[in-house]
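K.L.:
Each chain is listed here by its residues.
Number of protein chains: 2
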Amino acid sequence: MTVSIAYLGPPGTYSEAAAIAYVDQLQQDTGEECLLCPYPSISQTLRAVARSQAQRAVVPVENSLEGSVPMTLDALWQLDSLQIQRALVLPISHALISPVQELSAIKTVYSHPQALAQCQGWLEQFLPAVQLIPTNSTTEAVQQLEGDRFAAAISSQRAAELYDLPIIAFPINDRPDNCTRFWVVSLQPSPGGAYTSLGFSVPANLPGALSQPLQVFASRGINLSRIESRPTKRSLGEYLFFLDLECDSRKSSVESAFQELRSHTETLKIFGSYDFVAIKSD
Amino acid sequence: MTVSIAYLGPPGTYSEAAAIAYVDQLQQDTGEECLLCPYPSISQTLRAVARSQAQRAVVPVENSLEGSVPMTLDALWQLDSLQIQRALVLPISHALISPVQELSAIKTVYSHPQALAQCQGWLEQFLPAVQLIPTNSTTEAVQQLEGDRFAAAISSQRAAELYDLPIIAFPINDRPDNCTRFWVVSLQPSPGGAYTSLGFSVPANLPGALSQPLQVFASRGINLSRIESRPTKRSLGEYLFFLDLECDSRKSSVESAFQELRSHTETLKIFGSYDFVAIKSD
Numbered sequence: 001m002t003v004s005i006a007y008l009g010p011p012g013t014y015s016e017a018a019a020i021a022y023v024d025q026l027q028q029d030t031g032e033e034c035l036l037c038p039y040p041s042i043s044q045t046l047r048a049v050a051r052s053q054a055q056r057a058v059v060p061v062e063n064s065l066e067g068s069v070p071m072t073l074d075a076l077w078q079l080d081s082l083q084i085q086r087a088l089v090l091p092i093s094h095a096l097i098s099p100v101q102e103l104s105a106i107k108t109v110y111s112h113p114q115a116l117a118q119c120q121g122w123l124e125q126f127l128p129a130v131q132l133i134p135t136n137s138t139t140e141a142v143q144q145l146e147g148d149r150f151a152a153a154i155s156s157q158r159a160a161e162l163y164d165l166p167i168i169a170f171p172i173n174d175r176p177d178n179c180t181r182f183w184v185v186s187l188q189p190s191p192g193g194a195y196t197s198l199g200f201s202v203p204a205n206l207p208g209a210l211s212q213p214l215q216v217f218a219s220r221g222i223n224l225s226r227i228e229s230r231p232t233k234r235s236l237g238e239y240l241f242f243l244d245l246e247c248d249s250r251k252s253s254v255e256s257a258f259q260e261l262r263s264h265t266e267t268l269k270i271f272g273s274y275d276f277v278a279i280k281s282d
Numbered sequence: 001m002t003v004s005i006a007y008l009g010p011p012g013t014y015s016e017a018a019a020i021a022y023v024d025q026l027q028q029d030t031g032e033e034c035l036l037c038p039y040p041s042i043s044q045t046l047r048a049v050a051r052s053q054a055q056r057a058v059v060p061v062e063n064s065l066e067g068s069v070p071m072t073l074d075a076l077w078q079l080d081s082l083q084i085q086r087a088l089v090l091p092i093s094h095a096l097i098s099p100v101q102e103l104s105a106i107k108t109v110y111s112h113p114q115a116l117a118q119c120q121g122w123l124e125q126f127l128p129a130v131q132l133i134p135t136n137s138t139t140e141a142v143q144q145l146e147g148d149r150f151a152a153a154i155s156s157q158r159a160a161e162l163y164d165l166p167i168i169a170f171p172i173n174d175r176p177d178n179c180t181r182f183w184v185v186s187l188q189p190s191p192g193g194a195y196t197s198l199g200f201s202v203p204a205n206l207p208g209a210l211s212q213p214l215q216v217f218a219s220r221g222i223n224l225s226r227i228e229s230r231p232t233k234r235s236l237g238e239y240l241f242f243l244d245l246e247c248d249s250r251k252s253s254v255e256s257a258f259q260e261l262r263s264h265t266e267t268l269k270i271f272g273s274y275d276f277v278a279i280k281s282d
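Protein chains in written order, with full-length UniProt numbering: chain A, 1 to 282; chain B, 1 to 282.
Pulled out of the complex, with its shape left as it was, chain A reads as follows (with noise of 0.2 Å):
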């Protein structure tokens, strides 16, 4: 049977690179044939799995420069069905890439903010006078460059190969150690594993509504490894929160602190347990 995984696209993007990696790691341990299905956007790409039009989706959730991607949170609030299989850590280094011949030639910069992003303190010494143009995606900067001979796109190694184009630079972002994880979800239970992710929301806006379902994790020694708020949407000032615990929700521990927690929030969602996996750059 093949197993169809979708992703944000189009091929090219590091969402791409990421979701090849797992596809690798699944053929090694368990010969799955897999389809790779390139989606337009982070909720349609886990609204696909939620709707049994794919059977897994790997989608970004944090960088190590730029933070959050907070649609993903949002979609997998919204979403409710989906539960987290496996946590990615791809390295992200990028290429500027161009038909001209020399930097000074270039009077326009394409990319995906979060690429801009990263790669600021470069383009600042190197590129100080170029326009920056956003872009729904690393991929589609690329596509730019077809319309425009005096422009440049960063985007990926394995993008500038796809389309035949040269890299005039690289690697141009700021920090070497500059990474993204990923998350892989699908409908089916998660499997455990040494990370745990949730969201809730607070029943009232009082002093300690955050600090008292903290307190429960921290009373038992449990480390949190993540904390992000994001708007419920009602109105200004009221937040959903979305933490990632260091611990296996399979142990009677964890899930009496579950249990307790759920006398502190008002939506508790559970989106499983799940281990880590480093990726190799190329």
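There may be inaccurate statements among the hints.
[To be verified] Straight-line alpha carbon distances no greater than 20 Å define the calculated SDA-like cross-link-like pairs of lysine to any residue that follow:
(1) B:Lys-107 with A:Ser-93
(2) B:Lys-233 with A:Ser-93
(3) B:Lys-233 with A:Lys-233
(4) A:Lys-233 with B:Arg-220
(5) B:Lys-251 with B:Ile-222
(6) A:Lys-269 with A:Ala-257
(7) B:Lys-251 with B:Arg-220
Keep in mind that the hints were calculated from the coordinates and are not lab data.
With the hints as your guide, set chain B onto chain A.
P.N.:
Chain B alone, transformed into the frame defined by chain A:
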């Protein structure tokens, strides 16, 4: 003496609307003359004040639907010397601006990614097949219409006036209570008020590292109105935390809370105490 006010330009953006409202308040309160100075990015807007090129800056902090504006938190942390003088809450109503006569003629919609997200439902209902193209600001979206006869822009009513273009639908935001919070910052000490904002890093990634700082305020009955985490940019999994508290840092009980907080944090930066001022919509 003329007070120069930096904001995220160009003219026609919602940041300009907030800056204009602030200037109106200032002229009523003090009679001071003001000069509005547009800057191309949030970090340049704040740096202009840190370098004394402008005396105050008006910058977006969070939107009720799309959440935090990470660039503002990152720049405030890095620049260190800026203090919050006032918070402004601006109602946001988006207009669909285009030279076309009918919706069916529109092939492309330009806008800032936050504005596109805020009108997602409307777009899916009335313009399901158009291409959505992100721009650096809502005003830049209107500027794109000059070269594209089958396009529309999502922007403010004022931008339509400034560029003398027709509004073909208004309001098109999915929620009527959409609003954005701005901060007015300067190099002067903050005036004091009902809200205090601060940021901190924690000494080690251990159980309770975040719940201890929050407990400092919960135990004193001080309500936390917002928490945001941002990557330290040192390595994946290390965060800075930004808190808004319902308290005035000039009170002695709050001062003692800050002293206790120092023992639970690595670096602590107090951005000041200030009041909220609502802005009426036009």
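K.L.:
Does each hint fit the structure? Answer for all of them.
P.N.:
Structure-based check of all given hints:
This hinted pair does not check out: B:Lys-107 and A:Ser-93 have alpha carbons roughly 34 Å apart, beyond 20 Å. Between B:Lys-233 and A:Ser-93 the CA atoms are separated by roughly 15 Å; this keeps the pair inside 20 Å, and the hint holds. Of the pairs offered as hints, the one joining B:Lys-233 and A:Lys-233 is violated, with about 28 Å between alpha carbons and a cut-off of 20 Å exceeded. Under the criterion of a C-alpha separation no larger than 20 Å, the hint pairing A:Lys-233 with B:Arg-220 is inconsistent with the structure, at around 29 Å.
At roughly 12 Å between alpha-carbon atoms, B:Lys-251 and B:Ile-222 fall within 20 Å of each other, so this suggested pair holds. In summary, the hint linking A:Lys-269 to A:Ala-257 is supported, as the alpha carbons are separated by about 14 Å, within the 20 Å threshold. Only pairs whose Cα atoms come within 20 Å are accepted, and B:Lys-251 paired with B:Arg-220 is accepted, the gap being roughly 12 Å.
Checked against the numbered hints given earlier, this structure breaks hints 1, 3 and 4; the rest are met.
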